[in-house]
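Dock chain B against chain A, hints included.
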Amino acid sequence: MTTSLWGAGIFLVSFLVHLAVWRVKLPARQTKTLLSIMFSALGAALCLLRIFDAPFTAGDYLGVALLDISLILSYMITYSALEAESPSLIIVMTVAAAGSAGLPRDEFDAMMNDDNLVKPRIQDLLRDKMAYLEDGKYRLTAKGAFMAGLFTFYRGILGRGKGG
Amino acid sequence: MSLTEALLPAAGLLLNAAGQVLALRGGLSLLRSVFAGFTCGLAFTAIASGPEGALPGNLLCYCALGYCYFHFINLGETARRVRLLRELYENPDGLTEAELLSRYNSREIVPVRLARLLGSGQILSREGRYCTGKPAVLIMARAVSLLKRVLFGRCAVFHS
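Chains as they are written, first to last, in our numbering: chain A, 1 to 164; chain B, 1001 to 1160.
One chain only, chain A, in its complex shape (with noise of 0.2 Å):
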């Protein structure tokens, strides 16, 4: 229960540090950030319990981090899915907005374009330096080729199509 109590403290402070970060100024690169002080805090917590000699054993130690990662990763990925606008999302709040008379669905063929729902993901993988621009052509980085393979491979394995 220790151990619990730990690894869900240490997650509440880095995420309380993450909140006072991004209402003083948004990071440029945010997962970076966040994945920067999360990992910090950490690595803090267990220096911390080390130093005051805490009366853990290693795999409470391991415990403890492997529960703060565990809910890093998940705050990560729910962070990702903030950060882009789920498309079904950005309709359903598209046709709620024009109210109970409803959208013509010329206007609603209008808004959902490349330029609102594709085009931003493509400037997302230059940010993310999942992708390069040269000559006029998007190419992958090694961050990005890996990530791509790693989606391929286990899509294979599910024998799933391409997806999106």
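Any given hint might turn out to be false.
Unchecked claim - The following label-pair restraints were derived from C-beta to C-beta distances:
hint : chain 1 : residue 1 : chain 2 : residue 2 : range
1    : A       : Pro-104   : B       : Thr-1039  : 42 to 48 Å
2    : A       : Leu-133   : B       : Leu-1022  : 37 to 43 Å
3    : B       : Ala-1018  : A       : Phe-39    : 26 to 32 Å
4    : A       : Thr-57    : B       : Thr-1096  : 56 to 62 Å
5    : B       : Gly-1153  : A       : Ala-142   : 33 to 39 Å
6    : A       : Pro-104   : B       : Gly-1153  : 29 to 35 Å
7    : B       : Leu-1118  : A       : Pro-55    : 58 to 64 Å
8    : A       : Gly-156   : B       : Phe-1152  : 34 to 40 Å
9    : B       : Leu-1014  : A       : Thr-31    : 23 to 29 Å
10   : B       : Glu-1052  : A       : Thr-141   : 45 to 51 Å
As the list claims (entries may be wrong) - Derived pair list, reagent style DMTMM-like, types lysine to aspartate or glutamate, alpha-carbon separation capped at 25 Å:
hint : chain 1 : residue 1 : chain 2 : residue 2
11   : A       : Lys-143   : A       : Glu-83
12   : A       : Lys-137   : A       : Asp-115
13   : B       : Lys-1148  : A       : Glu-83
14   : A       : Lys-162   : B       : Glu-1090
15   : A       : Lys-143   : B       : Glu-1090
16   : B       : Lys-1148  : A       : Asp-124
17   : A       : Lys-129   : A       : Asp-114
18   : A       : Lys-162   : B       : Asp-1093
19   : A       : Lys-143   : B       : Asp-1093
20   : A       : Lys-119   : B       : Glu-1097
21   : A       : Lys-162   : B       : Glu-1097
Hints in this document: simulated from the structure, not taken from any laboratory. Fair warning: this is a prediction, and the values are worked out from it, not measured in the lab. Glycine included, C-beta positions come from ideal geometry on N, C-alpha and C.
Positioned in the frame of chain A, the structure of chain B alone reads:
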């Protein structure tokens, strides 16, 4: 807590993934296979942790890892960025923006989602207009907007 006990949620995750793949390959739908895999891993983690002190932390850790795995599957299924990455991966010489958009674009993205929303009654089509239907996805969208307002101080649709 022993090292073995600490590693149980990770072992549960492996079982989750293996169970999910087998269930999907065995003919279950994607969503059902995810539930089946998650249940396998959860049962293993709960039973192997025993009723002692490690159980709550291990269950929380396993649920968090299971949530990540679900999103990993979901990202491959629906994320636009992942699809764009895959298009570029298949074309190592690179693609221009126009070439990329010819392979993946809003004409592919919107109809699939719209059909799903219309089919589930979340959106209604009446006299050439789209109206709000059942509120479930709208509530979810508003919750996401609220979270965005807390985190980013904005909630605008189409903000990139």
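Against the structure, the hints:
Between Pro-104 (chain A) and Thr-1039 (chain B) the beta carbon distance is about 45 Å. The supplied range of 42 to 48 Å therefore holds. Checking the proposed 37 to 43 Å range against Leu-133 (chain A) and Leu-1022 (chain B) shows it holds: the Cβ atoms sit about 42 Å from each other. For Ala-1018 (chain B) and Phe-39 (chain A), the hinted distance range of 26 to 32 Å is satisfied, since their beta carbons lie about 28 Å from each other. Taking the beta carbon of each, Thr-57 (chain A) and Thr-1096 (chain B) are about 57 Å apart, inside 56 to 62 Å as hinted.
Between Gly-1153 (chain B) and Ala-142 (chain A) the beta carbon distance is about 34 Å. The supplied range of 33 to 39 Å therefore holds. In this structure the hint that Pro-104 (chain A) and Gly-1153 (chain B) lie 29 to 35 Å apart at CB holds, the actual value being about 32 Å. Restraint check, Leu-1118 (chain B) to Pro-55 (chain A): a C-beta distance of roughly 59 Å satisfies the suggested window 58 to 64 Å. Distance hint check: the CB atoms of Gly-156 (chain A) and Phe-1152 (chain B) are about 36 Å apart, consistent with the given range 34 to 40 Å.
Evaluation of the 23 to 29 Å hint for Leu-1014 (chain B) and Thr-31 (chain A) yields a pass: the beta carbon distance comes to about 26 Å. A C-beta distance of roughly 47 Å is found between Glu-1052 (chain B) and Thr-141 (chain A), which places it inside the suggested range of 45 to 51 Å. Distance restraint check for Lys-143 (chain A) and Glu-83 (chain A): the Cα-Cα separation of roughly 19 Å lies within the 25 Å cut-off, and the hinted pair is therefore satisfied. Restraint check for Lys-137 (chain A) and Asp-115 (chain A): the C-alpha separation of about 18 Å stays at or below 25 Å, so the hint holds.
Restraint check: the Cα-Cα separation between Lys-1148 (chain B) and Glu-83 (chain A) comes to about 8 Å, which is no more than 25 Å; the hinted pair holds. For the given pair, Lys-162 (chain A) sits about 11 Å from Glu-1090 (chain B) by alpha-carbon distance, which is consistent with the 25 Å threshold. Distance hint between Lys-143 (chain A) and Glu-1090 (chain B) is fulfilled; the C-alpha atoms sit about 15 Å from each other, no more than 25 Å. Taking the CA atoms of Lys-1148 (chain B) and Asp-124 (chain A), the gap is near 17 Å; set against the 25 Å cutoff, the hint holds.
Restraint check for Lys-129 (chain A) and Asp-114 (chain A): satisfied, since their Cα atoms lie roughly 21 Å apart, inside the 25 Å limit. Using a Cα cut-off of 25 Å, the hinted pair Lys-162 (chain A) and Asp-1093 (chain B) holds, with the two alpha carbons roughly 19 Å apart. Between the alpha carbons of Lys-143 (chain A) and Asp-1093 (chain B) the distance comes to roughly 16 Å, so the proposed pair stays at or under 25 Å and holds. Restraint check: the Cα-Cα separation between Lys-119 (chain A) and Glu-1097 (chain B) comes to about 9 Å, which is no more than 25 Å; the hinted pair holds.
For the suggested pair Lys-162 (chain A) and Glu-1097 (chain B), the alpha carbons sit about 19 Å apart, so the restraint of at most 25 Å is met.
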